[in-house]
Amino acid sequence: MAPALCAICKTERALIKRPKNHAKLCKGCFITIFEDEVHHTIASSQLFFPGEKVAIGASGGKDSTVLASVLKTLNERHGYGLDLVLLSIDEGIKGYRDDSLETVKRNAAQYDMPLKIVGYDELYGWTMDQVVETIGKKGNCTYCGVFRRQALDRGAKMLGIKHVVTGHNADDVAETILMNLLRGDLSRLSRSTSIVTGDNKSDVKRSKPLKYSYEKEIVLYAHHKKLDYFSTECIYSPEAFRGSARALIKQLERVRPSAILDLVRSGEDMARLVPIEASSSSDCRGKSDALPVGLDDGGGGCGSQNGRSPGGEMAVMEKQLRENEAAEGLEIDIAKVALGDRAAEREKPRELAVRSSNKASNSKPITRQVLGNCKRCGYMSSQEICQACTLLEGLNKNRPQIQI
Amino acid sequence: MASETPPVAPRRCTKCRVQEATLDSRSQAVCGDCFAKHVSTKCIKQIATLGKETRSPLGPSTGTGPPPTARRGYLLGLSLGVSSTVLVDLLNDNVDFQLSRGRAAPFDLVAVHVDASPLTTNTQQTTTTAAEETLESYRARYPRFTFLCIPLTSALTLPTIDWSTLPALDKTQPADVQLQSLFAALPSTTARADMQRILTRHVLIAAARAHDCSTLLLGHSTTALAELTLAEAAKGRGFALPWQINDGAYAVVDYPPSSPSPSPSTSTTPTTILIHHPLRDLLRKELATYASHLTTPPLTDLIPPTADLSNAPVVSHKDLTIEEVMLRYFADVEENYPSVVANVARTTGKLVRIGAEARCGVCSMPLDEQGDERWRGELGDPVLREGVAGRLCYGCERSTRG
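First to last, the protein sequences are chains A and B.
By UniProt numbering, the letter at position 330 of the first sequence is numbered 330, and the numbering carries on one by one without gaps.
By UniProt numbering, the letter at position 91 of the second sequence is numbered 91, and the numbering carries on one by one without gaps.
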């Protein structure tokens, strides 16, 4: 039997079955089409402008390494005119970051790009190892995700850069969509699907050029381009919802490979269906502010494959929802008496907690939160105190007094 | 202090505090009566809402006089599974209750089972199918309701599907052969399950119109709605989710036999029907408990046994459908986190319905032109096909062409 030929060039032997659509391609054509698709995404969403200084959020993992490699290639091939910089965050996890930072340093040399490393300790006074020591292994991904999200932006600011690109891929986006559906978080659903996040109000724009690239294709690309990346996953536990959603994505992909892209499509479309008017009835059930913080739009994604067992986070939400259900009966009475002082009193502090930066907006509840600035650190936040500062406050309270 | 375990007292029901608790209802120990009451209350609440909705606009009466005497017809999609069977039972109880109060029966019910057996067997030879036999026992138990069995092949002649968007049927063949070749041409197991679900819905809507029913009742539990939400999202049908999950009016569009563009129906049958899910606040396992423990004789005697797909080992992922993946997933989540399951359906219910002008030729859901345009822009996806471009939704393109 003659070996199958590449479906594109029809001359080379097909060595790769594309995970996305099972097309049989040769190595060269696969690499070309992968790059072309990323280029198409960049061009059609007009992600960059000529001369723009762009920081690549680099972890040393496959996604960001492939992103750096592809961006360098496309920048030269299509004359984007970009000034590319690698930006790494040192969470302070011994045995995880030490090695991956070495990888990033090699990448910087290989791609001839400047590198900036920002440590959690210098930004927050805490390394992740110290955080875990204090709060244990459960729920620490929340801290890591919130801290990292800000760290990238702060690092970019230090470098005078207004655009950070991250290596989030189609699997990550699909996972976030599923996760937000499971959590019933429509406002995050509507924010997390767009390719660019952070609007003109925020100082730093973020985008995900690999948003439509399959994780498996990223791995294949890295493999065939012989890229130097670090493949150990975070040693701390992943979030339950994300782990649960990830396991589901993998199964869906096995059943129908297009499912990942189809989910992304669904998520984008559903984002347009999210009502602008707040789900005000749910607001007074305290849904939005009662959920565990920090599970933002893929920013917290230490996607670990072994997160199959649903952990504490799902149980917390289950408990919360049950309490809401139990409270429903009581609340109806109050609502019917309506406009009584007690009802007004009850709602006020809630409103303040959710969006205090702009009191005028209280009259018209809006799901998409209003951006302001954190009172403590000045970082953009929809709340009075940003998530990082809130978490830090808790951490600092519990810090053992005896320290050398 | 005492190291001995205290004598185990019989647990009291946490609701009535009288009877012994024998069942678990969302982590509360309850007695059978309170459990049954919980199930029936959740359903009747929905039925009462529907009753208000169907009262005045369809009846001839004006003003706030007594309810019109116009017939209120409901058509129920009966899969012969647990949920839809429980729904029949609860509706029957509701009619009994109303009659016992000296009121008129609140509605007429036609339960329709869409028989998918023509997909797997040639039904030409046999006169009665297994489903038809099962329906006999339903008729015996609920004599006041009408039970019908309609073969899936009847979808082949429906005007609500734009047949020009699908591979041409060989009209010289028997209907079941046509149906089988239509399904054989679909690219995957998931696509076939998807098509079966769409056709079943078309048949039910057609039956509702034929029997002059204003409303189609579907027996989806909270769990089923959550599964449907995620499954439809995973099939690229997110845009149409509010039409699938929410209760409300649905405009039926007919296609003239030869013209591809939709035109308003000229027939006198109603063009708008209501679609409701009265069991939307109940978990699947609650319905299963109700069916097996709280009805005499147990409803499970009626329901034909089916293989439990939720925990059977996976032989081949190629033969699995996205629906089955979701079924397994939610069986797991429902066990430990029932409120999370309920929250999925409730959240999706908040999404708004937009765009009802242009409809997909196969699933009849609204087309998302804005989304299609952006998607083609961002992905450069050359999926445009001659002739059918812009007439199928993203999900149906995926299911019909791969």
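Read the hints as simulated data drawn from the structure, not as lab findings.
Check before you lean on any hint, since a few could be wrong.
With the Cβ distance kept under 10 Å, some of the chain A side facing chain B (calculated, not the full set) [what the hints assert, rightly or not]: (1) Leu74; (2) His78; (3) Val132; (4) Leu178.
Calculated lysine-lysine pairs in the DSSO-like style (CA-CA distance at most 30 Å, straight line) [what the hints assert, rightly or not]: (5) B:Lys318 to A:Lys27; (6) A:Lys72 to A:Lys62; (7) A:Lys10 to B:Lys318; (8) A:Lys319 to B:Lys171; (9) A:Lys53 to A:Lys226; (10) A:Lys319 to B:Lys318; (11) B:Lys318 to A:Lys250; (12) A:Lys319 to A:Lys205; (13) B:Lys318 to A:Lys216; (14) B:Lys52 to A:Lys319; (15) B:Lys350 to A:Lys17; (16) A:Lys62 to B:Lys45; (17) A:Lys319 to A:Lys250; (18) A:Lys20 to B:Lys52; (19) A:Lys162 to A:Lys138; (20) A:Lys94 to A:Lys157; (21) A:Lys319 to A:Lys20; (22) A:Lys105 to A:Lys205; (23) A:Lys53 to A:Lys17; (24) A:Lys10 to A:Lys94; (25) B:Lys52 to B:Lys42; (26) A:Lys138 to A:Lys72; (27) A:Lys250 to B:Lys285; (28) B:Lys318 to A:Lys24; (29) A:Lys319 to B:Lys285; (30) A:Lys53 to B:Lys15; (31) B:Lys37 to A:Lys250; (32) B:Lys350 to A:Lys319.
Yeah, the Cβ is synthetic: ideal placement off N, Cα and C, and Gly gets one too.
Review point. Given the hinted pair A:Lys319 and B:Lys171, is their alpha-carbon gap at most 30 Å?
Key: 57 Å, violated
**Study point:** Pair hint outcome, B:Lys52 versus A:Lys319 [Cα-Cα no greater than 30 Å]
**Key:** Violated. B:Lys52 to A:Lys319 sits at ~34 Å, over the 30 Å cutoff.
Check your understanding: Do the alpha carbons of A:Lys53 and A:Lys17 lie within 30 Å of each other, as the hint requires?
Key -> Violated, at about 36 Å.
Check your understanding: Within 30 Å, alpha carbon to alpha carbon, are A:Lys138 and A:Lys72?
Key -> 38 Å, violated
Review point. Straight-line Cα separation of A:Lys250 and B:Lys285 no greater than 30 Å?
Key: Given pair A:Lys250, B:Lys285 holds - Cα atoms ~26 Å apart, limit 30 Å.
Check your understanding: Hey, A:Lys105 versus A:Lys205, does the alpha-carbon distance stay inside 30 Å?
Key -> Holds, because 25 Å separates the two Cα atoms, which is no more than 30 Å.
Check your understanding: When you check the alpha-carbon spacing of A:Lys319 and A:Lys205, does it fall within 30 Å?
Key -> 36 Å, violated
Point to revise | Restraint check for A:Lys62 with B:Lys45, where alpha carbons must lie at most 30 Å apart | key: 53 Å, violated
Check your understanding: Is the Cα-Cα distance between B:Lys350 and A:Lys319 30 Å or less?
Key -> Satisfied, since the Cα-Cα distance of roughly 22 Å is no more than 30 Å.
Point to revise | Distance restraint between A:Lys20 and B:Lys52, which requires alpha-carbon spacing of 30 Å or less | key: 49 Å, violated
Practice item. Could you grab the alpha-carbon distance between B:Lys318 and A:Lys27 and see if it respects the 30 Å cut-off? Key: OK: B:Lys318 and A:Lys27 at ~26 Å, within 30 Å.
Review point. Can the restraint linking B:Lys318 and A:Lys216 be considered satisfied, given a maximum Cα separation of 30 Å?
Key: 18 Å, holds
When held up to the earlier numbered hints, the structure conflicts with 1, 2, 3, 8, 10, 12, 14, 15, 16, 18, 19, 21, 23, 24, 26, 30 and 31 and fits the remainder.
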